[in-house]
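Residue numbers (this note's numbering), protein chains in the order written: chain A, 1 to 150; chain B, 1 to 100.
Since the hints were derived computationally from the structure, they do not count as laboratory data.
One should not assume that every hint holds.
[As the list claims (entries may be wrong)] For the chain B half of the interface with chain A, some residues (derived, Cβ under 8 angstroms), not all of them:
no. : residue
1   : Thr14
2   : Ala36
3   : Val39
4   : Ala40
5   : Ala41
6   : Ala44
7   : Gln48
8   : Tyr51
9   : Ala58
10  : Asn61
11  : Ala63
12  : Ala67
13  : Ala74
14  : Asp75
Computed from a predicted structure; not experimentally measured.
Ideal Cβ placement from N, Cα and C applies to all residues, glycine included.
So the chains spell out like this:
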Amino acid sequence: MTATAFDTRTKRGTTIVLLALAAMALAIFFSLPSCAGAQARKLAMEPAAIAFQHMEADILAGIEQDSKDHRFGDAESEILVRETEKAVGAALKAGDRDALRKLEWGVLMDYAGWSIGRRVQDGLIGPQVGQILLERVNQLRDLLQKEVAQ
Amino acid sequence: MSASTANQVLAVLTDALKLQGRSVQAASDELRAYAAGQVAALAAAVGQAGYAEAVQAAADNVALKAANELIGQADLADQRIVGMIAGGLDLGARLLAVGA
């Protein structure tokens, strides 16, 4: 093989590799907004919104009780938590993950769990019923963590 | 527990999977076991105060579990794709290094 033929083959090979690299870079670029994880999270918003709606009474009861027990420092913080509750509900309903990332939804999950425990303690619901309700809080917490993780 | 409650939970599982473009047959063993566990938990809660609420919660649990599982599988698929792309880039870099 002459030196010229070798150079031509090398150049061609380099071009192919560069093209392949460019194609890969493009694939990465275009796959980001529509990657499987993002699509799955979008689909997951619906069951999350429904579960949150079903848990709303427990969350609000928890906030109410906390307020009665004077755990809130002031009325302002109670209003803040209630506003958070509304905002989380709205974000889930709208499927707005960016909004959800900014909200303290974990506090609401704590309120729901606390409220359920109290209802079991007061005999308003049975212990097994309480377990199933607590499982919903845990599942939703897991899901919301995944929703905001990406 | 009545057969209708078991059917209700199964219906929720079916709906949750349908939403994700999957069938009950395609559901993972883990998800099916989880749904069966929720049905068993409901059986233990029969006659307790708040039972109707528990039925609704069990249905939510199955739907949430299915969604959690879907995200996990999707993330795994994304990781594989990213791994393949990274492998390709690595190979390309090696070829360039050899050609240089």
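Hints, one by one, checked against the model:
Restraint check, B:Thr14 versus chain A: the minimum CB separation of about 13 angstroms is more than 8 angstroms; hint violated. A distance limit of 8 angstroms between C-beta atoms decides the matter here; for B:Ala36 the minimum to chain A is near 14 angstroms, and the interface restraint is violated. The criterion of a C-beta within 8 angstroms of any C-beta in chain A is not met by B:Val39, whose closest approach is roughly 11 angstroms, and the hint is violated. About 10 angstroms separates the beta-carbon of B:Ala40 from the nearest beta-carbon of chain A, more than 8 angstroms, and the hint is not met.
For B:Ala41, the interface hint holds, since its Cβ comes within 8 angstroms of a Cβ in chain A; the closest pair sits about 5 angstroms apart. Because the smallest distance between the Cβ of B:Ala44 and any Cβ of chain A comes to about 5 angstroms, under 8 angstroms, the interface hint for this residue holds. The beta carbon of B:Gln48 is positioned within 8 angstroms of a beta carbon in chain A (closest approach about 2 angstroms), and the interface hint is therefore held. This hint holds: B:Tyr51 has a C-beta 6 angstroms from the nearest C-beta of chain A, less than the 8 angstroms allowed.
Nearest Cβ of chain A to the Cβ of B:Ala58: about 5 angstroms, under the 8 angstroms cut. The hint holds. For B:Asn61, the suggested interface contact is upheld, since its CB lies about 5 angstroms from the closest CB of chain A, less than 8 angstroms. Among the interface hints, the one on B:Ala63 holds; its C-beta lies about 4 angstroms from the nearest C-beta in chain A, closer than the 8 angstroms criterion. With a least beta-carbon distance of about 4 angstroms to chain A, the hint placing B:Ala67 at the interface is held under the 8 angstroms criterion.
Because the smallest distance between the Cβ of B:Ala74 and any Cβ of chain A comes to about 4 angstroms, under 8 angstroms, the interface hint for this residue holds. With 8 angstroms as the threshold, the beta carbon of B:Asp75 comes within range of chain A, its nearest partner Cβ sitting at about 5 angstroms, so the hint holds.
Consistency note: the structure conflicts with the earlier hints numbered 1, 2, 3 and 4.
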